[in-house]
Structure formats: C-alpha cells, structure tokens
Amino acid sequence: FGSSSIPVLRAASPAGAGAMSTGKRAPSDFIKQVLGRPVIVKLNNGTDYRGVLACLDGYMNIAMEQTEEYVDGVLKNKYGDTFIRGNNVLYISAQPKQRRA
Amino acid sequence: FECSQPPTYVPLDVHSTTMPVERAPPRNGDLPTLGANEEIRLSEQRVKLYAGQNLEGEGILHLTTRQIVWLNSQNPAAGYAMDYPFVTMHAISRDKNAWPEHCLYCQLREEERPETEDDEDADVPELRFVPADSANLQQMFMVFSEMSAMNPDPTDDQADGISEEDDSGDDIELPFQVGAPMGAGIWTADHNDDAMADADEDDDDHGDIAMETETK
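Top line first, the protein sequences correspond to chains U and G.
Each residue of the first sequence is one higher than the one before, starting from 1 at the first, in UniProt numbering.
Each residue of the second sequence is one higher than the one before, starting from 1 at the first, in UniProt numbering.
Treat the hints with care, as some may be off.
What the hints assert, rightly or not - 20 Å max Cα-Cα, derived SDA-like pairs, lysine to any residue: (1) G:Lys48 to G:Asn37; (2) U:Lys78 to G:Leu31; (3) U:Lys42 to G:Gly29; (4) U:Lys76 to G:Glu110; (5) U:Lys78 to G:Ala51.
Said to hold, decoys possible - According to the in silico footprint, chain G covers these stretches of chain U (three or more CB under 8 Å from chain G): (6) 59-66; (7) 74-81; (8) 85-96.
To be verified - If you anchor each label on the Cβ, the simulated ranges turn out as follows: (9) U:Gln66 to G:Val124: 34 to 40 Å; (10) U:Ala26 to G:Asn54: 46 to 52 Å; (11) G:Leu31 to U:Phe30: 30 to 36 Å; (12) U:Asn45 to G:Pro100: 25 to 31 Å.
In short, the hints are calculated from the structure, not lab data.
Here a beta-carbon is modelled for each residue, glycine too, at the ideal position from N, C-alpha and C.
Make the full structure from the sequences, and use the hints.
This is the structure in structure tokens:
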C-alpha cells in the first residue's frame, strides 16, 4: 500500500458514503472517532447530556445511551436510550479520556 | 391504509405553528384522523400519560409519520397531539429515583405562550408515556426516534434541500455525507467496530477506520 495511491474510505454503514482521506480532518472524522464513546452534548438552552454516542445524522439528531442530564452542572436525571433533536444541539464534544471516579 | 406508500415530507400544517399541542385531536374511535400521506407506524395500548406531575389518563399512543397522538381512552374528546419538532428530546426512563414507573420521557419545546397550564413545570414542559407493558418501551423509543428524524424542523436551513419525493437525503448538502436520517446510512457504533478502537492522535494511523486501497 503506497502512500501515493488514493485510499478509498468505505464506511461500514449501508450508505456507503465515501470520502477521500488526504489527512485533512473533516467533521466526519470526528464523528467516526466519537461513535460508541462517551460524549458531552450541549444544548442551546445550556443543558448538558453525557452519555455514549450511539448514532448521529446529518441534522445532528443524536442518539445516546446511558445518558445523564446536567442542568447548571448538577446531575438531574438519568436515562437509558436518549434521542435529541439536532436543532437544539449547540455542540458535541468527546469526554476527556480520564474518567473522574 | 396505504402502508406501501413511502412517507413524504409534508410542510407542517397550521395547527403545529399556532397551537403546538392539540388537546382534542381529531379521532375516529381509537384511531387518530390521519392527514394525506400520513400513516401510523406504532400503536401502543394502555398508555398512561403524565403531563408534568399530572396524570392525564390512560389511552392509546399512536406514532404516525407526522405526529405523536395520544388518545384518552376514558375521555373520547381528550388527548394530546403534537408534531415531532415540538419534542426536543425523548428518552427511555428507568431511573426509579426520577419516576417510579418505566416510561418514555419527552421534553417539549418551551413556548412563549401567554396561557401556561398550571400542571406544566415552569421550566420545561415534560410528558411521560407509561405503557402498561414496559417491555415495549424500546420499540416505542426506536419508532419515535425514526419519526422524529423524518420530521426535521421546517425553520431549519438544512431542510431547504430536502426533496419532497423521498427522504433519502441525497439532495442535502451537509458537512458530511449521510443518507436518510436515522433510517439508514448513518454511522452507528454497532456497524462501526473500528470506531470503537482507540483513536490515535496521529493522522497517519488509520487503524480506527476501515480502509481499502484501490491498488491491491
């Protein structure tokens, strides 16, 4: 595998969306890296949701598992599967790798 | 019911913008009155509905391609109907500390309405659908998610590119290419085992992405 050949990125999803990976980071790279990982989802109204990112679509609709809801930094609720409509999402961030026990 | 016809994206009707929650949804017995191209995707019997802390009653929950309709079984004139964009978040709640019964929790969009029901929280309106059979919660959640994804916000700029003929989403210009929202063509952790691998900061390491080069 020479570096001169253009790698074909095959997503495992049925869409088969392809993208040329030339080393540039695209949002899709970030998404792929956080799938199945703990994330923080911040809503426009300031609420935080922390959980494991299950899936995400082009509207930033987010499905998560093992979700915790934080309001003003205070844990308010816990949910199993969660779905958040994308228009309410301010950002998604990966959680820091070191877990605070 | 024309179940074979694929649902299409239809602009929201007037009722959704002027009155986000319809408290007397048109119904035909136990079924909601459906609009054109609207079909029921899930019906769950014996579902209690709590609005905030108030028990509204027990009824039947229908998830259609356009709206969420709960029809009160005890009061044929009462119910709740709302469009999916009105529900900002929904989740399966099994935390007994938060609510004693397993339920489908829904957080509603905060509206600046002059008339605020006393039974709704001052902060965020909440609904809880408590099915008699909590084993169905997973299915309820999944269909709800699918329908929600199929009904993007009409004010969203990203919605401009939607083809009205199918919801494959191919016509939408997005930062990353995905197919139909939530139905197919999305990245899920289940289908992307490589995504679960440790991500290296190194750009050269493609270990977390399945790749094939054209030249074998």
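Going down the list of hints, with the structure as the test:
Simply put, Lys48 (chain G) and Asn37 (chain G) have alpha-carbon atoms about 28 Å apart, too far for the 20 Å limit, and the pair is violated. Simply put, Lys78 (chain U) and Leu31 (chain G) have alpha-carbon atoms about 33 Å apart, too far for the 20 Å limit, and the pair is violated. The hinted pair formed by Lys42 (chain U) and Gly29 (chain G) fails the criterion: a straight-line CA distance of about 41 Å is larger than 20 Å. A threshold of 20 Å between alpha carbons decides the hint, and for Lys76 (chain U) with Glu110 (chain G) the separation of about 18 Å falls inside it, so the pair holds.
About 19 Å separates the Cα atoms of Lys78 (chain U) and Ala51 (chain G), which keeps this hinted pair within 20 Å; it holds. With 3 residues carrying a beta carbon less than 8 Å from a beta carbon of chain G, the segment 59-66 of chain U meets the three-residue requirement, and the given coverage holds. Restraint check on the segment 74-81 of chain U versus chain G: 5 residues with Cβ-Cβ distances below 8 Å, three needed, restraint holds. Counting residues of the segment 85-96 of chain U whose beta carbon lies closer than 8 Å to any beta carbon of chain G gives 4, which meets the minimum of three for the stated coverage.
Gln66 (chain U) and Val124 (chain G) have their C-beta atoms about 22 Å apart, which leaves the hinted 34 to 40 Å range violated. The supplied range of 46 to 52 Å is met by Ala26 (chain U) and Asn54 (chain G), whose beta-carbon atoms lie about 47 Å from each other. For Leu31 (chain G) paired with Phe30 (chain U), a C-beta distance near 44 Å fails the hint of 30 to 36 Å. Look at Asn45 (chain U) against Pro100 (chain G): about 27 Å separates their beta carbons, and that is inside 25 to 31 Å.
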